[in-house]
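The task is to assemble the complex, starting from two chains supplied on their own in separate frames and drawing on the hints.
Spelled out, the chains give:
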Amino acid sequence: MARSPEKKIVGTAVPRKEGRDKVTGAAQYVDDMRLPGMLHGATVRSKIARGRIKGISFDPAINWNEFVIATAKDIPGHNCISLILDDQPCLADGMINHPEEPILLLAHPDKHALAKAVEAVTIESDPLPAIFSIDESERKTEVIWGTDNIFKSLLIEKGNVGQVWAKADFIVEAEYHTGAQEQLYIENNGMVAAYDPSAGITVWGSLQCPYYVHKALMKLCGLPEEKVRVVQMETGGAFGGKEEYPSMIAGHAAILAMKSRRPVKIVYGRLEDMAATTKRHPSRTRHRSAVDKNGKILGGEIDLTIDGGAYATLSSVVLSRATIHAGGPYFWPCVRVRSKAVATSAPPHGAFRGFGAPQSLFAMERHMDRIAGVVGLLPDEIRRRNFLRPGQTTITEQEIREPIDLPKLLDKALVHSGYYEKKARFAQTNNSGSIRRGMGIASFLHGAGFTGSGERYLSSLVGIEGTADGNVRVLVSSAEFGQGTNTVLCQIAAEALRIPYESVSIAQPDTTVVPNSGPTVASRTAMVIGTLVRSAAIGLLQSLQVPDLLPENYTPEQFAEACHKHITQNGVLRSLARYESPEGIYWDDAKYKGEAYAAFAWAVYVADVSVDLSTYAAKVEDFVAVQEIGKMIHPILAKGQIIGGVAQGIGFALYEKVLWQNGRMLNGQMTNYIMPASCDLPPIHVIFEELGNRHGAYGAKGIGELPMDGPAPAIVNAVVDALGLPFDSIPLLPEDILEAWTSRSASRREPARSGAPR
Amino acid sequence: MDLALRLEARTRTLGSAALISLPTSPARQSISLTVNGTPRTVLAFPMARLLDALREELGLTGTKEGCGEGECGSCSILLDGVLVNSCLVPVLQANGANIVTIEGLANDQRLHSLQQAFLECGAAQCGICTPGMILAAKYLLDKISQPTLEQIREGLSGNLCRCTGYLQIFEAIEKAARKEAAE
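If you're matching them up, the sequences are chains A and B in order.
Heads up: take any position in the first sequence, counting from 1, add 266, and you land on my numbering.
Heads up: take any position in the second sequence, counting from 1, add 1096, and you land on my numbering.
Chain B on its own, in the form it takes in the complex (with noise of 0.2 Å):
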């Protein structure tokens, strides 16, 4: 299962970022995809990025931008399942996808259960890695119920956080988890 999310890991930011190269069209091209359990139609250049999508097109601005070169993962969401920086994944390749971004992922007024452990643990400090941390924790919750310390510490390993020194991230997905387990 470890090295299963290493690689993922890898492809995350090479698989995407060997997309770009391919031709532009100069044209906008009308793209359909699920976002959050809804379909949205997006009209964007197929290799415009997809965070510039969600942000500017669809208003989703929860979606961070920190670097713009896959390596902080504050543009982290979950593309099919599939944890990826949306600053690298051109919006061509979401077609048809089904997307989830932190603006998902609570339930009405009932915060997921990451984000309800993050506000306890003080996992979130300036707030701007968090979104992306938060998915990328989900990611690893889904795959990894009950994950070690060393588990924790290599699902986030794309997303940097200046702020908290991570130890109180690491404490917020084990309560997380811990919680996940008691229901």
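Same shape as in the complex, but just chain A (with noise of 0.2 Å):
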């Protein structure tokens, strides 16, 4: 089975690492985890959205002896999970902010009596006046945090917006919305904790960034770095879900475990998990364009606010990845965009596959079919004519001198779809019987990595092994969880050090174990981490050829006889490398301008949608993914990211739908949240185009996110194109269809809405 060393082992389907594991069922997530003398873990949280805690009562028909309480007095450090502003508690001590935030922990022997004894804790309250919408936040009807509900504001300016509008032949404004997603990873979320004075606190779960949760449990714990071990289980699905959030529940584990001198597991029921756990933001966007006659953008003015939650946590930076995506794929001479995350009464919404883009390019791609339709062009021409071109910058004045092209990708999508063909021919059927059909075009980008300087500050640090077999490990803290890091990176340091991929395995992430890469986020991976992989893998290398255990040009054999012999020599090898920040990369972060990203990866979607005026359902009948991603490193994986991605994007736009009540989901159930079954999904067409990145390993750029932010866009101008109403909110669900259709005599067409021509 060995490959022989002159074969490409980057860009081949190599087999998944663990994949073995997961077919066969023996693959270990945290739930599956026994340990001696363990406790179950559960929590009693806040009914209330706002609110001071008076008392906490417990029913005498309970016997609360068999049971470890734990309540904010007994954490040991301080009580906050610390991210950004630590601003949250890890208990609710005194305040509540949020419905379903902790307040009491409870553990016992026998999982099956918690359920009982949580509704036993009675949390006694007098309630505050909460606020539940973006609007109310605005308009300071309370103030629930900081001094005027704003957990961020930035600003970004471009040349001289204000003297635009003079110069415009139309002016196109609209106001764009799209509601919270639930992850629904199938795995909801867990961890075990187990305690031991003299090693520290050790959790295992199900997570994405080791060294996050490693830092909540320093602060919360108040234990040094080495007494605080963080394992990450194989992990069901997370996709933003698990990136800050089993800080909490490792907290939480924690605490009970501290307190008990018992191992404790806390694994979440789906309810508890969808009430309480973070969704994407719900987000509000304003646009205002100046055009020419010729569909040419002037400038404009961007308007975008979402919706925090109650707490701070990662909202600022999801801010920052909607702002500067705001302007899509397009030149704009100038813009404003001003943006800001604001309070609400709800669970903090947090990280979710695309990080604000999705919100942003949604209100970005609604507009440039307004715009197309106020001018009288076509989407597709629209989008052609205003497309950033190499030497053109961005938003942020970055400026593009990657060999982009998105005409060609353009042009791969519409005749992949057949758009012209289709568009004639339902031309022709829409005018009769109960389907229409249309056309929808979303044209994107999506930058890899942290924003700005972050991956300068998160300094990541990367490491591979020899072993004294004379095989290979390579130590990230990057996760797996379905999207094949394990198998990407080993590729990597295989086709870098000219050995058989076999040859290559992976540590289990073990902040004991591994140095840290930073978290396993913001589709940095294949780049930022896969270009450390291969520095380390050459660093390695150099240690074998230097002292001459291994000639220039090798076999497998050779490179395992060489690390067996430096083992036995010096005990170990290991060679690290820690990033870099490219040159010419240049970030202010005050006024928001340079170089955003080291790479965008550019896409095209088209969706072909029927809409069913019988029952007003809207279903993706086809769909066509193009996508420019630098380099593919593996094609079955790549594949599935780009269709697992769209799938999410369909449910974004057409299915899912969190039902609020004073701030608490009412439908968190896999029963009336609805995400996309097999019955659902279009025939996919995946087509990618690779132009490398400098930037990446082997020209790799991130693709995790990407395929999240065109889906919905393209599916609404699509249903927009059948029925020739505007539709600006999602989800898009029959009964929103069936208001706008039967109350269609009043708005009529499209542009109608739009600004008139001046």
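Quick caveat, the hints were computed from the structure, so don't treat them as lab data.
Pulled a few chain A residues facing chain B out of the computed Cβ check, cut under 8 Å:
#1 290
#2 502
#3 950
Dumping the calculated DSBU-like pairs for lysine-lysine here, alpha-carbon to alpha-carbon at most 35 Å:
#4 485/A with 859/A
#5 678/A with 1271/B
#6 1271/B with 274/A
#7 339/A with 485/A
#8 1271/B with 674/A
#9 406/A with 485/A
#10 885/A with 1239/B
#11 885/A with 1271/B
Stretch-level coverage of chain B by chain A, calculated; a stretch enters the list once three of its residues show a Cβ under 8 Å from a Cβ in chain A:
#12 1159-1166
#13 1220-1233
#14 1243-1252
#15 1255-1263
Every residue gets a Cβ at the ideal spot worked out from N, C-alpha and C, and that includes glycine.
So, in structure tokens, the structure goes:
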């Protein structure tokens, strides 16, 4: 089975590293863990949105002596989930700021005894006024966070927008909304914690970012670095949903373990996971654009607001990505983007694949269709006339130095989707019958890696070590949760070392074993971590070649022999590589100007959608996804990322609606929160273009989040095309279409609602 | 055949949910069942979930819990040859039954053709839905050896996957079916 080293490994469909364990059921997820003497933990949460805790009472019908009970007073260190601003308590103490806020913890040897006990704890409280929408938060009907309910505001100013309106042939204005979306990983969140006074605290869990949890636990438990150990178990889906909240659950399990001196497992049920953990930030975006008669954008204003929920958590960085992506893949001679993340009394919204970009790009791409309608151009043509070209600058004035070719991506998408032919056909068939068809386009971009100076601050460290049997092990804190981290990083190491893929393994992320290579987020793993793995591999080769243990050209057997020799002589063979910012990368955090991302992936998606006027359901009939991703490391995994992302995008657009009541999710079940099932997916045609990337290993860019950005606007644009009615909010459910269709005489066709020609 | 499948899929949730309302007995009972060809006995409350008995009493953690209410299909197993959500089946109902879980599919080191195809086609990403998905696929192929794409979609309609968008799972099932036909 061993591959000859001359054969390329990067770019081929090698077997997924942990695949065999996953198809046989052997893979170990956190709920599969059992430790001797282990207790099960549960969380008592607030039932109100906001208020002051007066007291806690316990129903005497329960024998509380059987339970371990912990409150904020049992926290050994600081009562906060350390992340950016440290404003979120681990257990509410005095104030309640959102529904489902954790207040008290219980542990018991029998997990079946917990549900009843949780219900038998009563939190007595004085309710305070709460805020449930962006509008209320802006009006400051109540100040619930800081002095003005604003977690963060940003301003991008390129050129002089003030002068542009006088030159415009058209001014196009509209407002767009996106709803909360649940990540809905199939494995619920969970953690196991064990405490030993001499060794400290260890947690095993379902998570994306081992060192985020590590940092949070040090502060919460008041323990030094070496007394906190975090181990990632096989993780059953994450999508951002296991980026920040695992620190909370790890904290709860740790508090109970430290108090009881027994291992404690906390695994959420679906209802608790959906109601209490993070979701995609709801958003509202207003566009006002100046356009000339040829459809060229002259400039514009974009006002973007996201709902952050009750605590700051990651909202400032979600806002950052949303803001930078707000102008889409277009050239804006001048633009002003004002954005802010505001507080409401909902559980904090958080990371979800795309991280703000799907929200602002939905608005941008709906707006492009609206502009096309006003100017009288087709949706493809309006985009073609405004695409960014090499040498031009983005809204943060980042010069495009990559060899991008957006018109080519658009042409491919049009051809593969049969765009013009279908448009012509639908124009005929839409005159009669109950099925209306439409075509929708979205063109977009997604930046890979942390924004601006983020990667420099992270300063990721990656290692590779040789083993005595001549194999190699990759040491990173980057987690596998389905996207293919293990496989892709092993491919890169094997290719760089010119040894078989089978000779490379990857360590289970464990903070006592792997260095801090940062969080597994932001489409950064293949590009940033991949590059570091390659550097570390080259360093490892030098350790073998400089002392002459290995010739310039070698066989895998010679490599294994050299590893063995080196380890015999020196005890250890390890090479580390640390991130260094590429030269010429400049970012001004105060002005929000400069190189926002080392690389962007680019894409054009086309949706073919039907609307059934007897049920008012919209259905995606066919989908084409064309993207330029630098270099495809693994064809099947890359395709899987795109299809999976498109599926989540379809859900975001047409199915997934969080129903809120006073800040609380009402439909926290798979029965009533509807995600796409096997019958809901259209054929999805995935087409890759590879133009390389000087910053990524073998030319790779990030692709994990990209496919989340485009489907929703493409689909809604297609619905608009099918019905000739404007839809500017998602999710777009049958009842929304019904309402718009039955009252259509009032609003009529799309351009009428937009700015009039001047 | 399609109608039969559909009806069975419906009983899979409704039938067993109805049983949940049987009167519960306070005492643990000895329940005998055959799991992956081996006779096993568990001491459990009769209304305990079969899912918990498999995972906690028998250590067969390959069967996963995703929602606990029969929506996601991650806990799918074969009970006397019928696909069921083990989170909705009281263990009492499995007394004397023949059960197949994901652990029973591979033959020593040799993967079942579905497992092999899932691996090759990228049908397993995070892996949490995979055991249930493979059992649903096995059930389908046991009934219809060469299913159409529509039959595959319908056969998997009780199993949710958030990672893959399903298409590579469909491919894997088609591939396994073709391989079985060739052998």
